[in-house]
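Chain by chain, the residues:
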Amino acid sequence: MKKSLILLFCTCTVVVQAQKFIAEKSAVSFFSKATIEDIKADNAKSSSIFNSETGEIAFSFPIKEFKFDKKLMQEHFNEKYMDSEKYPKSTFQGKIIDYQMTGTGAQSVKAQGKLTIHGITKDIDVPGTFEVEGNKITMKSKFMVKLEDYEVPRPQLLWKNIAEEIEISIDFTFKPYEAK
Amino acid sequence: MKQNRLAALLLLFSTSLYGQDLLNELEKTTKPSTEYTAATFKGSRLINGQTVETRGRGELEFIFAHRFGRINSGAYELFGLDQAYVRIGLEYGITDRLNVGMGRNSVDKTMDGYLRYKVVSQSSVARSMPVTITAFGIAGVKTSPRKEDATFDIQFNDRLSYTGQLLIARKINSNLSLQLMPTFVHKNLVDKSIEKNDQVALGIGGRLKVTRSIALTSEYYHRFDVVPGNPYYNPLGFGVDIETGGHVFQLVMTNTRGLTERAYLTETTGDFFNGDIHLGFNVTRTFQLKKQK
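First to last, the sequence lines map onto chains E and F.
The first sequence begins at 54 in the numbering used here and counts up by one.
The second sequence begins at 958 in the numbering used here and counts up by one.
Among the clues, some could well be false.
Quick list of simulated restraints, FRET-style, between CB atoms [to be verified]:
{"hint": "1", "chain 1": "F", "residue 1": "LEU1055", "chain 2": "E", "residue 2": "THR182", "range": "37 to 47 Å"}
{"hint": "2", "chain 1": "E", "residue 1": "ASP176", "chain 2": "F", "residue 2": "GLY1070", "range": "49 to 59 Å"}
{"hint": "3", "chain 1": "E", "residue 1": "LYS199", "chain 2": "F", "residue 2": "LEU1047", "range": "34 to 44 Å"}
{"hint": "4", "chain 1": "E", "residue 1": "PRO206", "chain 2": "F", "residue 2": "ILE1111", "range": "54 to 64 Å"}
Going by beta-carbon spacing under 8 Å, a handful of chain E positions derived as facing chain F [to be verified]:
{"hint": "5", "residue": "ILE102"}
{"hint": "6", "residue": "ASN104"}
{"hint": "7", "residue": "GLU109"}
{"hint": "8", "residue": "ILE110"}
{"hint": "9", "residue": "ALA111"}
{"hint": "10", "residue": "SER113"}
{"hint": "11", "residue": "LYS117"}
{"hint": "12", "residue": "LYS123"}
{"hint": "13", "residue": "LEU125"}
{"hint": "14", "residue": "ASN131"}
{"hint": "15", "residue": "GLU132"}
{"hint": "16", "residue": "LYS139"}
{"hint": "17", "residue": "THR144"}
{"hint": "18", "residue": "GLU201"}
{"hint": "19", "residue": "ASP202"}
Please keep in mind that the hints were generated in silico from the structure rather than gathered at the bench.
Note that the Cβ used here is the ideal one computed from N, Cα and C, for glycine as well.
Using the sequences and the hints given, assemble the complete structure.
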């Protein structure tokens, strides 16, 4: 019994080593353009794992790690709008489509899957670029998210402060993943 | 046989999981980091007294606090609205943990200066800490009466008072936060027949969020070892916090008109349950002078 488990574990890890990539560097930011104030926040603590054989990919974005210029704004973002104690992470789970591991230069690809923000999951389909360099992969994307779709409230009194749609940019570099 | 079946089942299970739940695998690869609890209270003031909250580095908070007269003073005084006691103050974040502040309260024309230091922050996951603890120390100078108006030869030292507090708070959940405030007050000059130079109190307070922007608050300080014949009351207050962007409005009802530690802790003149209630508000506006990054 024990032996078979160990065997199972070994085969699994071997397979994993061969085709999975994990993010070594991540940059996620969002940008809200509005008349009174443009708001930008950056997150360098996101994580991702990519299966180059199946194209499957998962992202995890810790909400509290979005850094704003103004501390109070960051506090309000977490406490009043994103409910980050209740929903500490946003995630994406889906597939990269039309990529080639053998290709050179930036390839135009699509990501399809389920984006979860503020506890609400929606199917999205966004464009991006995919680039293989040596054993590293870089993925970039820029897309719009409508706050209403994810039931993220907007301030009532200062409604002009936050745009209805915010722009999200992601820039991830992956390296081969070796499970320990 | 049984073992084989189990192994087969496990294999089946693991292969079906494999690839499907990449997200779970991702969670396993990320090390848990310490999560600090934010926004235990909306502002640096609970009712009259302090909270564990500190301004972040480079943040400047302007505080305007105001107490009307007593609501039981009758229609002639427009239920207290004819009178006003004001404190105007500033607080600045030197670091995220260390704040310095100053202000002036019209009650006894008191100037104050203080330091606030967040000793530990409530946190969970990697490093777990059940409470946030902030140390608060304030010195006050009572500039009234003037030397020429005083009935005795008043010295500068006689005008001084000091208060030290430990503010211990726990955000129980997103909506409920509670705070304990062991407090020590020293007044250089007192009327020994009614009070001591050194006085001790324990405060308890809390806030309950009712909507995203509105919270109910309350605060009570119990003084210990009070000299018999002391005419003062323990300060009690209830309030509503309303937050809009960079402003916090706190509407309060309390039995004290004092807005510095000495005044509200040791010289509260109103009996809350006799209707000696002052309406008032604290308004804060925060300015970010230095960017966070």
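Against the structure, the hints come out as follows:
1. Look at F/LEU1055 against E/THR182: about 45 Å separates their beta carbons, and that is inside 37 to 47 Å.
2. In this structure, E/ASP176 and F/GLY1070 meet the distance hint of 49 to 59 Å, their C-beta atoms being roughly 58 Å apart.
3. Our hint of 34 to 44 Å for E/LYS199 and F/LEU1047 holds, since their Cβ atoms are close to 40 Å apart.
4. Distance hint for E/PRO206 and F/ILE1111: a CB-CB separation of about 56 Å, consistent with the stated range 54 to 64 Å.
5. A hinted interface residue such as E/ILE102 counts as satisfied when its beta carbon comes closer than 8 Å to some beta carbon of chain F; here the least separation is about 4 Å, so the hint holds.
6. At its closest, the beta carbon of E/ASN104 sits 6 Å from a beta carbon of chain F; the interface hint therefore holds under the 8 Å criterion.
7. At its closest, the beta carbon of E/GLU109 sits 5 Å from a beta carbon of chain F; the interface hint therefore holds under the 8 Å criterion.
8. About 7 Å separates the beta-carbon of E/ILE110 from the nearest beta-carbon of chain F, less than 8 Å, and the hint is met.
9. About 4 Å separates the beta-carbon of E/ALA111 from the nearest beta-carbon of chain F, less than 8 Å, and the hint is met.
10. With a least beta-carbon distance of about 6 Å to chain F, the hint placing E/SER113 at the interface is held under the 8 Å criterion.
11. For E/LYS117, the interface hint holds, the least distance from its beta-carbon to any beta-carbon of chain F being 7 Å, beneath 8 Å.
12. Checking E/LYS123 against chain F: minimum C-beta separation of about 4 Å stays under 8 Å; hint holds.
13. For E/LEU125, the suggested interface contact is upheld, since its CB lies about 5 Å from the closest CB of chain F, less than 8 Å.
14. Below 8 Å, beta-carbon pairs count as interface contacts, and E/ASN131 has one with chain F at about 6 Å; its hint therefore holds.
15. Given hint, E/GLU132 at the interface with chain F, holds; its Cβ is 5 Å from that chain's nearest Cβ, closer than 8 Å.
16. Taken as an interface hint, E/LYS139 checks out: its beta carbon lies about 7 Å from the nearest beta carbon of chain F, inside 8 Å.
17. With its C-beta approaching chain F no nearer than about 6 Å, E/THR144 sits inside the 8 Å limit, and its interface hint holds.
18. Given hint, E/GLU201 at the interface with chain F, is violated; its Cβ is 16 Å from that chain's nearest Cβ, farther than 8 Å.
19. This hint is violated: E/ASP202 has a C-beta 19 Å from the nearest C-beta of chain F, more than the 8 Å allowed.
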